[in-house]
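Fit chain B to the given chain A structure using the hints.
There are 2 protein chains.
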Amino acid sequence: MSAPTTTPIPYTAEELDAVAYDANGLVPAIIQELGTNQVLMVGWMNEESLRKTLETGRTWFWSRSRHEYWCKGETSGDRQYVREAFYDCDADVLLFKVEQEGRGACHTGERSCFFRAFGSGATPGRV
Amino acid sequence: MSAPTTTPIPYTAEELDAVAYDANGLVPAIIQELGTNQVLMVGWMNEESLRKTLETGRTWFWSRSRHEYWCKGETSGDRQYVREAFYDCDADVLLFKVEQEGRGACHTGERSCFFRAFGSGATPGRV
Chain A
1 MSAPTTTPIP YTAEELDAVA YDANGLVPAI IQELGTNQVL MVGWMNEESL
51 RKTLETGRTW FWSRSRHEYW CKGETSGDRQ YVREAFYDCD ADVLLFKVEQ
101 EGRGACHTGE RSCFFRAFGS GATPGRV
Chain B
1001 MSAPTTTPIP YTAEELDAVA YDANGLVPAI IQELGTNQVL MVGWMNEESL
1051 RKTLETGRTW FWSRSRHEYW CKGETSGDRQ YVREAFYDCD ADVLLFKVEQ
1101 EGRGACHTGE RSCFFRAFGS GATPGRV
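Sequence lines, in order, name chains A and B. Under this note's numbering, the residue at position 12 of the first sequence is numbered 12, and the numbers go up by one with no gaps. Here this note's numbering = 1-based position in the second sequence + 1000.
Don't read these hints as lab results, they were simulated from the structure. Keep in mind that the hints are not guaranteed to be accurate.
Stated by the list, open to error - Here chain A is said to cover these stretches of chain B; the calculated rule only asks that three of the stretch's residues, wherever they fall, bring their Cβ under 8 Å from a Cβ of chain A:
(1) 1011 to 1022
(2) 1032 to 1043
(3) 1081 to 1087
(4) 1094 to 1108
(5) 1112 to 1126
Glycine included, every Cβ here is placed at the ideal spot set by N, Cα and C.
In isolation and in its complexed conformation, chain A is listed as follows (with noise of 0.2 Å):
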């Protein structure tokens, strides 16, 4: 199987203007598969991770712990290819359809970070 085609995400200064960040200049993206659905997992991106994000069609972040750029996969090989991007009605919260690479999302090995339901069992805490 081929690796999937990276295609850029067309937009608007309007639109990147438009984009409401929060005090530290970040806004929450939500990272979900094309097709099915399932959220993979939630970034934070500030004005020149979403730029890149679009203008690559990969999914760039910003790190909170670490204060850098991050493109989801470049280490892991669990890349994920941009397919539509969208902002909420008030502009705070971006959502992207993607197709993911590689095992999946999250860093534990599981395709989606949120493999754990209240009332599960599961150990509780950052894993």
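What follows is chain B alone, placed relative to chain A:
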């Protein structure tokens, strides 16, 4: 058609304690439609609104602008009945799968708050 049944979601004290809130005591909560997996909206919860959501089986949020709790659909009738509740690997994002009653989740009348795509020609900004 009869109204959906309200069902509490089981949880443990350890799960509730494990949730990692931000500096304002809040965590983003993704509301996803059961079945279609469409992302309907994102709201913010503090510990008390999370507890109320799990115990009542309805979605309770904390309004950052009005500084008050609100139960989705209590005014509009567009109620959300929680069927599954998840937390992510960092325990700092929540995800709820709901049955959506009424028109949908967005105050604009759209089913989902994410009805505008980048590059679509929609008028950007808060609506």
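Hints, verified against the model:
Evaluation of the coverage hint for the segment 1011 to 1022 of chain B: fulfilled, as 7 residues show C-beta separations to chain A shorter than 8 Å, against a requirement of three. For the segment 1032 to 1043 of chain B, the stated coverage by chain A is satisfied: 7 residues place a CB nearer than 8 Å to a CB of that chain, which reaches the threshold of 3. Residues of the segment 1081 to 1087 of chain B lying with their CB closer than 8 Å to a CB of chain A number 4, which satisfies the three-residue condition for coverage. For the segment 1094 to 1108 of chain B, the proposed coverage by chain A is satisfied: 4 residues have a C-beta within less than 8 Å of a C-beta in that chain, meeting the threshold of three.
Judged by the Cβ-Cβ criterion of 8 Å, the segment 1112 to 1126 of chain B is covered by chain A as claimed, because 10 of its residues qualify and three suffice.
Violated hints: none; the structure is consistent with every hint.
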